[in-house]
Amino acid sequence: MRRAVAACALALACLAGAWVPRARASIEEFASFDLSRMEEDDESALDHYLARQPAAWRDEWEGTTNAFRTSQGCLTAGLWNTEYETKLRSPLGEHSHLDLELLQVMTDYAQYDWLSLDFHFRTPAGLMGVRFRPNYDKSQQDFALLWNHGDGTSPLQIEAALTVEDMFNTLWEFRQARVNDHNEPYRRHPFEPSARVVSRGKKHRLEVSGAWLTPSRKAIDDPNDDLDGSFTLWGSRFLVLDEHQFSGWTIESRLDGERALSMRTVRSAPGNARVFRRLWNGELALRHALGPATQGELRWIYKDRAQSWAPPAGDGRLRARDRVLAGEVSHRFSGRWLVRSGLMYDRVSIAVHGGYPGFTWGSRKESRAYVGLRAKFGRVSVQGIECIELDHEPYEVSFHHDKGFLQLQTTF
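Residue numbers (mature numbering (1 follows the signal peptide of the UniProt record, and there is no 0)): -25 to -1, 1 to 387.
Since the hints were made in silico from the structure, they are not lab data.
Please note: incorrect hints may appear among the correct ones.
Mimicking DSSO-like on lysine-lysine, the simulated pairs with C-alpha atoms at most 30 Å apart in a straight line are [to be verified]:
#1 K62 x K113
#2 K177 x K62
#3 K62 x K178
#4 K178 x K340
#5 K62 x K351
#6 K351 x K177
All chains, full assembly: derive it from the sequences and hints.
Quick look at the structure:
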């Protein structure tokens, strides 16, 4: 039985694509994916790392069915990173239940949100289900077939989905193609296979997930005839996260990435406005106990961003590489309080070719210190991080205040 389940997990991973964090992408996420906007934040790699939810909260989140979490923080003087996620479960019967997920993400490189209603039914073949994501425009409503094995506490957990994106678009009536004030009928409909496999043990955790949005093409029928044309989109995401413990040491390795390609043709203008974006992120971390309640961590991050434009959207390329080295020491004073402090250094290399249509701070070196306080009150966990600027920046810095971040998680 274990061999059959493992073989099924491998097949699902192959279905998602070897190159495709938790596999839950969507058309809205890929369409809004824009790496050039990250250049507004000169410390983008440092900020997005500190905006992550604490890894210490992960087991609690995965082990419960009713919870809420949020991560917020500064990106620039005018931009605020916000991420909200709520999940709830309610029984439908003895062998069935409803899972509700509300996700909202507003950050510099993507903006998307959705409500997922997952109806699960236990069968001899596993937990089968269907998903519905409603939307004001009926043409943008999604449906999916689901299959799960295990849960957030199982030694082996598998989640697989086959999503029909924008299912009602041109399904039977032309009006189902309406988006806002115009029509966008599909000429090639998109699908999104996705999978997530997690292996858990006393001294290891391995997670592999991915999603692939198949190439799609739709016509644009706008009230303004000059804007008529077509829109093409495809994308993929993947995550590989491995953690192992050896004699008091914990080694963590991570590789994740995202790609998207879109084209927007207009009949009244030449060119296809092709925009390609690609993000790779690799990390290696080493943690070790420095005392009964003290832990040290050393982390290396390599982030590679690339984006290109074709006329009339632009005619150039952007390549950005971040090399981050971070060290941190944390100390737990009791079961409720934890203090962390660290240093971060990022060497950023920027290369611009042709007519780059955006802004960049150019190649640079960024460094900062930070202190954080983490606490737990009943079922509520909260963390605040204050960053201290260590560089001479071309803009005003108030009392060495760099950025601030806040994370909160609670179960119900």
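Tested hints:
1. Only pairs whose Cα atoms come within 30 Å are accepted, and K62 paired with K113 is accepted, the gap being roughly 24 Å.
2. Taken as a hint, the K177 and K62 pair is honoured in the structure, with Cα atoms around 26 Å apart against an allowance of 30 Å.
3. Annotation: proposed proximity of K62 to K178 holds, straight-line Cα distance about 28 Å (limit 30 Å).
4. As the CA atoms of K178 and K340 are separated by approximately 37 Å, the hinted pair breaks the 30 Å bound.
5. Under the criterion of a C-alpha separation no larger than 30 Å, the hint pairing K62 with K351 is consistent with the structure, at around 20 Å.
6. Between K351 and K177 the alpha-carbon distance is near 24 Å, which keeps this suggested pair within the 30 Å criterion.
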